[in-house]
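K.L.:
Here are the chains, one letter per residue:
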Amino acid sequence: MIGAIDWGIIVSQTFSQAFGTQAVVFALAAIGLNIHFGYTGLLNFGQVGFMAAGAYGIGMAVFWLDIGFWPGILLGIGYCLILALLLGIPTLRLRADYLGITTIAASETIRLLVRWRGNRGRTGAAEGINDFADPFYALNIFNRPGNRSYKFLFFEYRADDLWVMLTGWTVVGLCLLLTWQLMRSPWGRVLKAIREDEDAARALGKNAYSYKLQALLIGGVIGGIAGMFQAIDKQSVQPDTFNPVITFMIWTVLIIGGVARIWSPVIGAMIFWGLISGLEALMRELLGTSIEDELERFINLSVFNVSQVKFMLFGLALMLLMRFRPQGIFGSREELALDDR
Amino acid sequence: MVHCRIVKQQGRVGLRDWLRGVVALTVVLMSLFGLVSELSADSGDQSIGGRLQVENEDGERVPVEGVTLSIEGEGESITDADGAWSIPVSEAGSFEVTLDPATLPEGVTLRSADRASLEVLVEAGRAKSALFALTSGDGGVEASSGGGISGRRVAQLTAEGLKQGLYLAMASIGLSLIFGTTGLVNFAHAELVTWGQLTTFFFNTYGLAGVIGFLAPLPGPFGAGVHLVLAALLGMVSGGALGYLLDRFLFRRMRRSGVSLIAQMVITIGLSILMRYLFVYNFGAGPRFFKDYSGQQAISLGPIELTPKDLAAMAISAVALLVVGGLLQFTRLGKAMRAVADNRDLAESSGIDVQRVISVVWMAGAALAALGGSFFGLDQVKWDFGFRTLLLIFASVTLGGLGTAYGALVGALVVGLAINLSTLVIDVELKNMVALIVMVLILMFRPQGILGRSERIG
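First to last, the protein sequences are chains P and B. Position 40, counted from 1, in the first sequence is what numbering that gives the first Met the number 0 calls 39; the numbers after and before it change by one each time, with no gaps. Position 156, counted from 1, in the second sequence is what numbering that gives the first Met the number 0 calls 155; the numbers after and before it change by one each time, with no gaps.
Because the hints were derived from the structure by calculation, they are not lab data. Please note that the accuracy of each hint is not assured.
[To be verified] Dumping the calculated DSSO-like pairs for lysine-lysine here, alpha-carbon to alpha-carbon at most 30 Å:
no.	chain 1	residue 1	chain 2	residue 2
1	P	LYS233	B	LYS308
2	P	LYS205	P	LYS150
3	B	LYS127	B	LYS290
4	B	LYS430	B	LYS308
5	P	LYS309	P	LYS150
6	P	LYS309	B	LYS127
[Unchecked claim] Covered stretches of chain P, as calculated for chain B (at least 3 residues, CB under 8 Å):
no.	stretch
7	115-129
8	229-238
9	272-283
Every value quoted in this text rests on a predicted model; they were computed, and no experiment measured them. Glycine included, each C-beta is placed from N, C-alpha and C at the ideal position.
The shape of chain B in the complex, shown without the other chains (with noise of 0.2 Å):
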């Protein structure tokens, strides 16, 4: 046994240890998920319903009320403030939803005409979305590119980039700190994101025991799912336990039997592949909403215009922030995490526990994520949002210096001010670009990033 154990300290970890982590956190996501779906699905009545929206002239997507939606044989609904309408169906099938152009409000139209009629397939038990275009003005192409820059307009859109790089910033911080630490540029992250937002869900919906589906009928806060803020918290352990999983079972293995890092790079990558589909497997393809605080009104301050949720969010996150800041600047956890980021040899030399500091960092950057995940998730749930983001994630944590913790903040800022203030002059669909021109050219002319040190990284 003895000698077993010095064995694998050496670093052998055999195909059967690995197979076991993998394992382990593919029942740990399953376990979590699988369960609720088929709770859900148990319940019997499966709809088709949505949301329409459309972009006014700010690029802001805002409910269309009073449309009518119909399929034939089954009902009609007519779209509420929200622009929300759900049509129940009698069985799973394929169905065809039809909206009526006619109840259209002035100025509104399909995106293409031919589109008015959607086929829909509806499993047991789910809720199906269909999505219909909606653009505003004539034909939408030149409509929502411009539209005049007005003071009001950049405070506006000052005000959501500061909103988007804050809640950017949570979800950069770990990669960039992982990054530091280890070395390992995790493509996996994302999940990460994704997974805050979906464990926020499911507390939010089914609450602490719920999860498990067969607690799911005790009362109160154990099976009628839990208050959002609540919720929030709980995904953000939840977040925690599976960057400390990941780290313990996957990563920790490999440093130690000296997987290459570009090897461990292209395992992230399979790895967030696994988890999207899982996500997407338990949790279905269509976007979902909080039940709390869901179709808050924005309020006024000053010239810009936010609600309340969003503001709060921004003031948590804010905070939070600040404080890994402190954290990482005053205490001595802190400390020797930027010494192992600094120079990993130094600090192991010099007495510090780098694995645990590893441990920590993967833990803490993964809670984060998932705040921030639960954060853009007052928007809408969906199995894929943090994929969509990672290009976002890339642009803060290369723009700021990778592996700074500091540099993913202001990155992310900077980033999240950059693409929405471009609206002001280009496109809103093509804003996510901007990012992706700002990476290149900070890795033309300052490749190690605005709070880098410059030493040669080529």
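So that you can see chain P by itself, here it is in the shape it has in the complex (with noise of 0.2 Å):
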């Protein structure tokens, strides 16, 4: 009865997904966030927001500074830092959760400041902004003809997703390896301490205020730079796709591969992103065949409602993760930065 699933889709989009643009934008994010989390121990449930400030710093620097795309990654970055900077201000002197509650409010105020009609003329409100990223591709050497696509194996890639790609996983490297020497440098031990024990960091004559707000701001900038691949992935900025659900997937992703280690985002990603895509792919298959219509008649599934199960089973991955194994695959629980402080 189901023999007419064709399984070579399932398994060619669990592929390409796993290691495609969208993977490349959920690792950076978790870099960003796994500075936060991983490693200073701050909740910051709104890395979104640096997303969009990121994205929008480019898209601004097109759309309404007229300065060109590369200019607005400068812009973008510049963005980030502010943002981080109005967030640690306030919250990084109290409790931990307290920087989750405003870093999540901040995310949302961010995505109804841009889209403000009001802002139309700079971040063109509800509508965003189209079509910015030429100067990007032209530098594409995949490019051919049409955006024709490449296929090798299970993998299936166009043209401009393969440039994506090769410049975002080296992005992806670069900044894995900045982490990596970070975090082995005397201030890298230092966010370690201020993680485990913000008490005795302060005790040895730490600037524990400090360290957090320069934490936040590295990771804020990574987490920007994710924003600019979406941009750049999508041609367009929107404000509905930074919505706090993006945060909550970054924060799988970062969970999934394990807190506190540098590898952890890249392979979170591309579990995250195979299996959600491989998931999706054989619902759909599913939908097409025979038993389409007592799917539909039994739980109500259709092809509008497909992409809904698949947020309801990634919140409750969510949760069994956290309960069950909180150190992600490669994480080991003595580095979680999970007591209560």
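Please assemble the complex out of the two chains, which come individually in their own frames, going by the hints.
P.N.:
Shown next as structure tokens:
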């Protein structure tokens, strides 16, 4: 009865997405979050706000300021630094959950602000900004007429995607290198000391507040770069793509890989996107077979709400992971910044 | 057996128990909703509809009457006094709805002129909504900001702020009390608000037994939907029940097996996502309306205009909040709650049954949140209402002082008044931002909140 399922599509989807552009974006965002939460113990529930800051940096540079694509990268980084200071200065002296509440609120506020109709001339309001990344794609070394697909084994990518992936995974590599070097330096050891026991670190004369702020700045900028790749990949920035659910996907990515491990964001992103895309492809294939009517009748599943089921499973997975294996695949429980401060 | 139970009480709660808890909850949610939505799918008449509204210069959404909308080959509809329109379509699929801009009243335009036609995907048996964004004045960018400060407008906005503050207080107190007694910041609290709204809608539409699909054909209060007042009470009861179940099967077990608070917080985030998408899966993405009082006209009280339903709901919430305050202040259980919130270990060692107190707090907090949700639902019922209000709920409890019941009340009223009065000077679209700015200022200068005690919280 289920013979009609094309397993080739499911396998191809799984592997293509595991290395695809979305995995790049989430790996980068999770590297930033790893510096915040994994190494410093900061509860940042607003990573998507940093992504929005980065993405709108590029978008607004082209659309509003008209200074071109490349200076937009600097503008995005500037936005991220400002956001980190705005968030950090009032909340980093307080208990961890205050930062959590403030960051989630701030990320929503950014979304409201950029979609405000009064900002139509600057951010494009609810419609967003489109077609600003041509200078980036002009450099595409894979370019072939008509943006044709490349195929090998299970993988299938458009030429533009391959170019985003090449640059993206390179940046991911650089960020991993940066994190690795930072965390084995004396500076990184102080961060971990603050995570383990802030009072002890303070007693040793370390200015915990300043270290936490620096970590927030660095992780925020990396989150902003993730947002830039999101914008470049989609060729558009829209306020509603930067909603809090994205933040929690980034958390899931980080927790899957294992908190406070260098490689965990990359592995987490690959597993997360591979699984999510594979599952969705499987459900869509099931809906194409003869049991479609039964699915619709008994659990009300149709092509319209497949993606909602995906989100339900994702929420459930986040709960189960956090409950039973909070250290993820590679993490160790000792490294978890989960004590109650 | 005896041995087993002792081991369990010491806190080894296994994967299976936990899964059973999650599955039980999911089944409860699914069975309440799933059967109902199946029922509505069977009826076989699908339509596209909506409400045309526009913001006037006071920032209120007013209906637009007499506008013609059409679907080629299917029919057309003219909006009524509530701005409502609906066009039945013959089959599920994709349709293009066109608004005739020539029929729009003077001074009202489409927000973007190229959006006079919308592509809408309709599922079998569902009423799908299509939203046309209208603005008053030219372009609407400056039209609704400012608008002058008059005494009448201040009075009206104060009344609306009070209304929102009262509803918000009901939604917030539970979050604050749960934080006070367990230390947990519950990100899924907003979903309890939505839960109240949705269950009220379902009791209102399908009745006592009709919620369980196959009993729907029963007559009277069982099958055909109960009056909104009774439905709201039932929604409150199901809110309390859900709160109890969540505590009993998820959070109590995690407290026992020593799951850290931050891990629990992330788990509440997962729970919030799970619940929200269960809601939209079963309820659909469009807004719906209660059967009773939906098209009520506002009445004037001096300079203020409010609908009678809102006046009644405001009075009820004021009474409910007073009762909660009285219970907290004067009853044994209330004192126990405040004692646990104050110092859990001390409370436990003086003989207070802390688990029971926490259980009651979850139940009462969730019931209040559900009732608050029903009141908010008087405007419209939507699957992600709670989540869109989460920011305001957090602002309220932080402002008043995390963990204090009275603080949440004061904080909610301040937030409600502040965001509504802020529209005197800023654009309505930005009013929720004021809540965040107030919150950040409070955290900078008085981090313990208005009513919190100044102890070290860093």
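K.L.:
Which of the stated hints cannot be reconciled with the structure, identified by number in ascending sequence?
P.N.:
Result: hints 1, 2, 8, 9 break, sorted rising.
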